[in-house]
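Peer 1: One-letter residues, chain by chain:
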Amino acid sequence: MNYLDIANSSFVFMVCGIVIAAVLIICCVFLAWAWRRGLELGMTREVMVRTIKTSMTFSIAPSIPIIIALTAMVGVLGIPFPWLRLSIIGSFQYELMTAQIGATSMGISTLGGSGYTAQVFSNSMWIMSLGIIWGMLFSILFLKRFSSGLINAQKKDSTRIAIIITALYFGMLSVFVGPPVVSGGIQLYTLAVSALLMVTITQLTRRNESAGDYAFTLSMVGGMVFAALWANLI
Amino acid sequence: MKPTNSMSIHVIGRIACIVALILIVMIPLSICLKFDIFPPMKNFLGGFFQAVMIYLPISIAEFLTFVPILGSGAYLAFITGNLTNLKIPCAAVAMENAQVKPATDEGEVIAILAVASSSIMTIIIILIGMLLIIPLSPLLNHVYLRPAFDNVLPALFGALGAYFFMKQWILAISPLVCSILFAFIIINFTGIQFTSIQGALIPVLGLISVLAGLAFYKKGLITGDDMK
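So the protein lines, in turn, are chains G and P.
Residue numbering for the first sequence follows this note's numbering, beginning at 1 and increasing consecutively.
Residue numbering for the second sequence follows this note's numbering, beginning at 1 and increasing consecutively.
Please note: incorrect hints may appear among the correct ones.
Stated by the list, open to error - Lysine to aspartate or glutamate pairs mimicking EDC-like chemistry, simulated, CA-CA at most 16 angstroms apart:
no.	chain 1	residue 1	chain 2	residue 2
1	P	K101	P	D226
2	P	K34	G	D5
3	G	K155	P	D105
Unchecked claim - Here are the in silico distance ranges between beta carbons for each label pair:
no.	chain 1	residue 1	chain 2	residue 2	range
4	P	M41	G	T205	58 to 66 angstroms
5	G	S109	P	N188	26 to 34 angstroms
6	G	L204	P	K219	31 to 39 angstroms
7	G	S183	P	N141	17 to 25 angstroms
8	P	T223	G	A153	16 to 24 angstroms
9	P	V11	G	G185	26 to 34 angstroms
10	P	W169	G	M14	46 to 54 angstroms
11	G	D5	P	F49	27 to 35 angstroms
12	P	K219	G	I60	38 to 46 angstroms
13	G	A153	P	W169	21 to 29 angstroms
14	P	V11	G	T200	41 to 49 angstroms
15	P	P138	G	E40	47 to 55 angstroms
16	G	S114	P	W169	50 to 58 angstroms
17	G	I234	P	G224	46 to 54 angstroms
These aren't lab readings, by the way, just hints derived from the structure by calculation.
Glycine is no exception: its CB is placed at the ideal position from the N, C-alpha and C atoms.
Work out the full structure: start from the sequences and follow the hints.
Peer 2: Rendered as structure tokens:
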């Protein structure tokens with residue numbers, strides 16, 4: 001039996017579908033908890049509804065490249081397993097690399113190439129599944145103590161903790177800004193256009209809080225539209 | 001303020017992570033049982049340890065970097081994945097819009113709402129993508145549209161970077177300068193693909209950024225008012 005017959009079988013679709021459905025339920029449980037907790041803390045429904053709406057809108061554009069990654073993965077790993085990995089848990093930067101480790105550890109150099117049997121496919125699945133579990137494992141073991149410690153430290157010296165958290169976030173953002181600046185070309189122009197749009201929209205919507213909610217999404221989509229125009233027209 | 005009428009988020013988070021871990025193991029296990037395709041243990045362990053060597057250090061650094069930003073929202077973020085390109089920016093923007101701070105009760109509520117709704121949206125979009133993969137594939141890879149999707153990250157981080165630079169340029173300057181310097185050296189002199197070490201650079205730049213921020217704070221260049 002060809003490994004893709006197994007990878008695309010209705011059984012694999014079913015188990016992957018069940019897991020995605022379970023994670024959707026988990027998302028709803030968290031959403032309901034946060035909603036109730038927000039009300040307990042005296043937060044308004046309006047603020048929480050706005051958060052949900054803008055987070056959903058914000059997530060549309062960055063989700064499209066994940067579908068492109070899916071189209072790249074289905075040829076070698078079938079449809080359902082990449083669908084699962086990219087919908088939850090995984091991240092498209094890591095998945096193909098981990099699948100490749102699964103192949104090479106079985107002595108096969110290319111994913112989906114000759115010798116990539118059902119057993120090699122299963123090795124890729126196991127390594128993709130178990131190789132990237134650490135975030136969840138650490139959360140079970142250490143998250144409570146770590147986040148409670150932060151909240152307590154925040155109460156003692158809120159400025160210091162605010163600086164640490166903001167600085168960590170800026171550190172993460174910067175990793176993605178350096179390469180386009182150095183590489184130049186379309187990446188740099190896209191970065192500059194979306195930055196410029198963000199500055200402009202922020203200035204224009206300074207007095208209108210809810211209009212400002214969509215500033216990030218508009219700037220991001222504006223940058224993407226620019227990239228398409230630049231690549232095809234110039 | 002302690003939760004009054006709801007279960008602790010840490011109990012829910014731990015149960016959710018345990019359930020997710022069990023389900024993740026169940027997938028290859030059930031497929032291997034059904035089709036009798038277990039890999040040899042020796043080969044599996046060889047590949048597994050190789051993956052651990054790569055992802056364990058990255059995961060430790062991600063945990064230390066992302067938990068302060070997301071608080072208990074990190075439980076769900078680690079289950080649903082796509083942290084740097086989706087969940088973290090989404091939660092940070094949501095907290096900014098709601099004018100709440102991370103590591104506070106309100107910040108945690110907003111972060112969880114953002115991560116949960118972002119995850120639901122992504123799952124729905126990928127489901128549609130999966131169902132329509134045959135007609136969508138040529139469209140998404142079309143020569144006119146592909147550059148837009150290839151440049152999502154510069155577009156996303158351009159907007160985020162500009163906003164936070166406007167707000168707190170003094171904190172943003174050190175990691176930005178270091179990132180450009182690192183990228184210049186890596187791209188021009190090492191031959192290493194930058195994207196392959198991006199995960200490892202996040203904690204490095206995070207540390208530089210924190211040390212610089214605290215030094216500015218100590219010297220009085222950043223005050224409590226700047227962080228409000």
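Peer 1: Determine which of the earlier numbered hints do not hold for this structure and return their numbers in increasing order.
Peer 2: Violated hint (a single one): 9; every other hint is consistent with the structure.
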